[in-house]
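Construct the entire structure; sequences and hints are all you get.
Residue numbering for the sequence shown follows our numbering, beginning at 63 and increasing consecutively.
Rather than coming from a laboratory, the hints here were simulated on the basis of the structure.
It is possible that part of the hints are untrue.
[Claimed, not checked] Mimicking DSSO-like on lysine-lysine, the simulated pairs with C-alpha atoms at most 27 Å apart in a straight line are:
| hint | residue 1 | residue 2 |
| --- | --- | --- |
| 1 | Lys125 | Lys73 |
| 2 | Lys121 | Lys141 |
| 3 | Lys77 | Lys125 |
| 4 | Lys118 | Lys141 |
| 5 | Lys118 | Lys83 |
| 6 | Lys73 | Lys83 |
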Amino acid sequence: MSSRKSGYSFKCIVKSCGELKIQKESVSFFSFPKDPARCKIWLEQCQLPADILSQKNIKLCGKHFEKNMFLNFLENRLKPDAIPTLFPDERDGCEVSHIKNIFEVII
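Dropping the structure here:
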């Protein structure tokens, strides 16, 4: 028997993250952009293949966005041009992050 009250759960698509959405109070999760150009940048930043989008409920947690990428202090709304740049080191989990250089992706 599950103790979940919301009736849904999902995990951040970044393998080294492991953040779970199991309750309303957890970190926010975001769907990949519908815009193909922005979606491609997100996929490259996350080092994911394009075919991953064929899976159901692909989400990225808010821990992968810098504070200035959010529209509000609750960190549950992203700016339209938000790009994920924070990624955990696989050895350290989501607590210690490094920043991927977005300019390498765009060029």
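Regarding the pair Lys125 and Lys73, is the alpha-carbon distance no greater than 27 Å? Within the cut-off at roughly 12 Å; holds.
Take the C-alpha atoms of Lys121 and Lys141, compute the straight-line distance between them, and say whether it is at most 27 Å. holds (16 Å)
Hinted pair, alpha-carbon criterion (27 Å max): Lys118, Lys141. Please report holds or violated. holds (24 Å)
Measure nothing beyond the straight line between the CA atoms of Lys118 and Lys83; if it is 27 Å or shorter, mark the hint as holding. The given pair, whose Cα atoms are some 15 Å apart, holds under the 27 Å limit.
Does Lys73 pair with Lys83 here, judged by a C-alpha cut-off of 27 Å? The given pair, whose Cα atoms are some 6 Å apart, holds under the 27 Å limit.
Would you mind confirming whether the straight-line C-alpha gap from Lys77 to Lys125 stays at or under 27 Å? holds (13 Å)
In this structure, every one of the numbered hints holds.
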